[in-house]
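Trainee: What follows is the residue order along each chain.
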Amino acid sequence: MSEGKAKPVLEINGLTVRLPEGADREFAIEDVTLSVSEGEIVCIVGESGSGKSVTAFTVMGLIPKKDLTPVAGEVLLQGEDLLKKTDRQMRAMRGENMAMVFQEPMTALNPVMRVGDQIAELLEIHTNMSGTARKKRVIDAMKDVSLPDPNKMYLSYPHQLSGGQRQRIMIAMALALEPRLLIADEPTTALDVTTQAEVLELIKDIQRRHGMGVMFITHDFGVVADIADRVVVMQNGKIVEQGTRDEIIAAPKHPYTKMLIGSVPSLTPPAHSHPETDDAALKTHGLNMVYGRHGFLQKGRLVHAAQDVELVVRRGETLGVVGESGSGKSTVARCIVRLIDPTSGDIDIEGVNIATMPERELRAFRQQIQIVFQDPYRSLNPRRTVGQSIVEGPMNYGLGADEARVRAEELMRVVGLAPEALDRFPHQFSGGQRQRVCIARALAMEPKVLIADEAVSALDVSVQAQVLRLLRDVRERYDLAMLFITHDLRVAAQICDRIMVMQHGVVVEEGRTEEVYANPQHPYTQSLLAAAPGRDVDFAQLV
Amino acid sequence: MTDTNQDQLMSDSVLSQREDPGVLSMMLNNRAIFWGGSLLLLFALIAIFGPLFTADPAALNPIKRLKPPSVEIWFGSDFLGRDIFARVIYGGRISLVVGIAVAVIAVIIGLFLGLVAGYVRALDAVIMRVMDGLMSIPAILLAIALISLSGATLSTVVIAIVIPEIPRVVRLVRAVVLTVREEPYVEAAIAAGTRLPLIMVRHILPNTIAPLIVQATYVCASAMLTESILGFLGAGIPPEIPSWGNIMSEGRTYFQISPWIIFFPGIALALTVLAVNIVGDGLRDTLDPRIARKM
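Line by line, the protein sequences are chains A and B.
Using the working numbering, the letters of the first sequence map in sequence onto residues 1 to 543.
Using the working numbering, the letters of the second sequence map in sequence onto residues 1001 to 1295.
A hint or two may mislead.
Said to hold, decoys possible - Computed spacing ranges between beta-carbons, pair by pair:
(1) A:E361 / B:V1120: 55 to 61 Å
(2) B:I1267 / A:M90: 49 to 55 Å
(3) A:P358 / B:A1125: 20 to 26 Å
Calculated directly from the structure, the hints in this document are not laboratory data.
Backbone N, C-alpha and C fix where the C-beta goes; we use that ideal spot for every residue, glycine too.
Chain A extracted, bound-state conformation:
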């Protein structure tokens, strides 16, 4: 797609943006040089803190000037230097010459304004169109992004739409004034995988039809493989490598790029040599969770978050529960840990049914099931040292302070952290390190079952690979039964022995990982696998 003769829409030359004093590095981005031509999609890839978003926001003129100051370089949009524009000029250019699509469409849209009016507002500000002409243009723009029934949808509020529809509205809004440059900042990260595939397809399609330049920011190499013409890899505010999609993905030169691509989990499950045992550590039978109830005065709305879920996890094996948001996979996990009380059904731990056990008796069994949550920033009490967090559980069950401390030190070594760090507070750790602490906390209880509820989803891909390796290590070391909840089919392929696919609270398919991936039976599983970004490229094989 990228031809040398295409006219560049955006040229960034030697752009450097200074961070406020006291930050962990001097520049947010340093000497960034890149260009986006007409009719091409340039992906900027990097992990958190790489400066990819700062680059995009600098182009849009949306960085807080007090904290972030561009100190060198130029940003040329169709030949005009944006850094020299006044606020008023920038306002006029945003929307008309360049537009942006954000990560979270729910917060980017005004919740109390009809979506059609929100698009029309843009036309009202930037053009002299009449009311009817505006409305017609908005409907056209909504048709352009394949929204069903635009006339009706014009009158909808954001909360009435699905995540994918909201993101389509955002794209329609960005395109309303036909800008030459579209900046998309992780536009599909908050979406489910099947929706993500549709939105990516849409962005590609629209870019082709309108011939605009697209700067696409992402952390996901799968997405890059699907959408990019050219790729720019950033690390710590600097560009480490750039080239065409094929150059970067097939033959990365910089070690960091190699490491990033090598860390993307393969969609092909490795050959498991897992012995089948009958030593079930955790079993559920007919597990149901229904939310809502018939109210006293109004008819209640019932939501079946989980319906007749049957699962077995044996010692030393990992069962993956895969599904999109709202599929009920987390509900199952929370029922099993008894953070919520299931409506009906059995949960057998070592042959004892704990599903309806009162809290007093349950206490003895809590020890045996531990959970690691998704968000490493919220799973540790910020006011307590990680040591205090780790010893809390064992001390609840009567372990002395000194013995608990010894156990905590040992576990810190197991999870790859220095035992001296026990006296630190969570804010002194990075996300991956915190997740290690959470794993140590769970292990301190000496559980039989470990539940990982999206435990690696919030982590950067390189850290994700390390934490996955750690989870696999501890499962073997302590002979744990692991229930691994995830939306990410790549991660699931790598760590799970068996897979269970959930949709709308129902288990639609279950089987050995290799078999499910090689030969999915249920249409939903098939669509999930087909939608996985970058499915044509086997990253791990490349490096």
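Since the structure of chain A is provided, determine the placement of chain B on it from the hints.
Mentor: Just chain B now, kept in the frame of chain A:
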């Protein structure tokens, strides 16, 4: 996990040491807290030690009735010839005692009820409906009713002001508890078998402290005002004990010929309430920036 990886992680965790500045130094660096606090401290010292050096606030001197402020009698005298300066300083004791007592009692009761309402689902509706009921009672009316029932004493006044203040504290604490109880670290504590009282004290209570301190200052300021209003209406502290409210009340009839009787206690009340509110704002900004943005 390879050894090199482990070494790197260990050194990482040593490197990422970031010390927060102490809460105390942050507070002293806040101008609002510094000036408001200094003013308040000054008033407190005057109220505590001032009466030792001034004339007897109850001493009558009919010859020097309704004298304007002068070098001799700083704030002038009232219709019985009593020294306004001495009375205002003595009245400061009442205001501060009522303000602080009401804030402390309302916070203690409100904190307990709020924790229970926020965490124990079954009691939530019951407690909150009772609080809604309490909120609908006007403080002044309740005070007048209580005082006519059990006589005007300092403790009746404090109780009468505390009761309508409690729901405000309960609502605040409950709101904090409701958000914190959903935090994964609380759920992790439940999964680790921590018992309910310990979860409350260890994981939930500390989150309520900052907003509570801020709320306490506002309760304190409003209690001082209510106490003065009660005194002014003659429903507060008995007239033989000088309080800012009843000094002003007694001066009301002489307002046109000797305005100083009302002016000085009025100024004292305004300055004290202002100082408390300034401290409250400063505390809010340093302790809880999140709430500061909401207000």
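Trainee: Next, verify each hint and record whether it holds.
Mentor: A quick look at each hint next to the structure:
| no. | hint | result |
| --- | --- | --- |
| 1 | A:E361 / B:V1120: 55 to 61 Å | 20 Å, violated |
| 2 | B:I1267 / A:M90: 49 to 55 Å | 51 Å, holds |
| 3 | A:P358 / B:A1125: 20 to 26 Å | 23 Å, holds |
Checked against the numbered hints given earlier, the structure breaks only hint 1 and satisfies all the rest.
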